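Chemist: With chain C's structure known, arrange chain F on it following the hints.
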Amino acid sequence: MRDETRLEQIRSTLAVDGYQLSVEEAGSAFDVRITAGAGSCPDCLVPKNMMVSMLAPILGVGPDGIRLSYPGDVAPASHT
Amino acid sequence: MFDRILDPTGLPARPTNVAVAARRVPSLAGARVGLLNNTKRNAAQLLTELGDLLRDRYGAVVTIRRTKPHVAFPVDEPMLKEIAAVSDVVITGVGDCGSCSASAAADGIAFERVGIPAAVIVSDAFEVTARAMAGVHGDENFEILLTPHPVAVLDAEQVAERAAELVADVADRVRESAR
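Those protein sequence lines, which keep their order, are chains C and F. Residues in the first sequence are numbered from 1 upward in steps of one, following full-length UniProt numbering. Residues in the second sequence are numbered from 1 upward in steps of one, following full-length UniProt numbering.
Please keep in mind that the hints were generated in silico from the structure rather than gathered at the bench. A hint or two may mislead.
Listed below are several chain C residues computed to face chain F (Cβ distance under 10 Å; list not exhaustive) [to be verified]:
1) 6
2) 54
3) 61
Label-pair restraints from in silico Cβ distances [to be verified]:
4) C:57 - F:61: 29 to 35 Å
5) F:85 - C:31: 46 to 52 Å
6) C:25 - F:63: 51 to 57 Å
7) F:59 - C:28: 57 to 63 Å
8) F:61 - C:2: 18 to 24 Å
9) C:27 - F:81: 48 to 54 Å
To spell it out: a stretch of chain F is covered by chain C in this simulated footprint if at least three of its residues, at any positions, have a beta carbon under 8 Å from a beta carbon of chain C; those stretches are [said to hold, decoys possible]:
10) 92-106
11) 118-131
Predicted model only: the values in this text are computed from it and were never measured. Positions of the beta carbon are idealized from the N, C-alpha and C atoms, including for glycine.
Bound-form chain C, shown alone (with noise of 0.2 Å):
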């Protein structure tokens, strides 16, 4: 069961960097698009494997049950 609360607290820090947070559900696992706007630092989005180790415990699913992408990710990616 996903945690609503620290979602938001999530989705509030990268928003102080100019970043933008999606979450759809797909079944069993989940879809994470992290979009830029204007004016984000590009220096200070964390790497994939810790936004991930961040976001499973919060979304109730194991790091193979999100797909993550990030600025510049063509499609949606495993974040191994």
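Modeler: Below, chain F without anything else, positioned relative to chain C:
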């Protein structure tokens, strides 16, 4: 713009770290203070102000000031050793963005692991990221000192005020008598 995503963890793929806290100093009187600036705007001034306050209020002395080559990466081993060799306590920050708050937490844990009590300063907007990094390093309860976000936009007088607000917590973080 996004041709690379920096990895500030400084960790192998499977970290095996466990929480290790350095022994706190009995007193700050005469204690040697190392300042590690992560290059974020106002970090250098905030650390300088804290060093001055630790000197004036507690009798500590700043022995070394270093600046990380990159805000998003943890301190490298040569710099860590250089600072640790002449410091009894270390103050580092300011975690004022996602990756830099994460690397600041990693820096603090690295100093603790080599026996140097560390005060890590992070702006409250990035507490989640800093704590996540501490967890990645096996120390999810690592104590982080928070200051209101943002720090980068403060003027000199406001930075000095922040330092005055933080100094007691910094002292309590690194000395034995307050723990």
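Chemist: Each hint: holds or not?
Modeler: Verification of the hints:
1. 6: Status holds, d = 8 Å.
2. 54: holds (4 Å)
3. 61: violated (16 Å)
4. C:57 - F:61: 29 to 35 Å: At roughly 43 Å between Cβ atoms, residue 61 of chain F and residue 57 of chain C fall outside 29 to 35 Å, so the hint is violated.
5. F:85 - C:31: 46 to 52 Å: holds (48 Å)
6. C:25 - F:63: 51 to 57 Å: For residue 63 of chain F against residue 25 of chain C, whose Cβ atoms are near 54 Å apart, the range 51 to 57 Å holds.
7. F:59 - C:28: 57 to 63 Å: holds (59 Å)
8. F:61 - C:2: 18 to 24 Å: violated (50 Å)
9. C:27 - F:81: 48 to 54 Å: holds (49 Å)
10. 92-106: holds (count 5)
11. 118-131: holds (count 4)
The earlier numbered hints that this structure contradicts are 3, 4, 8.
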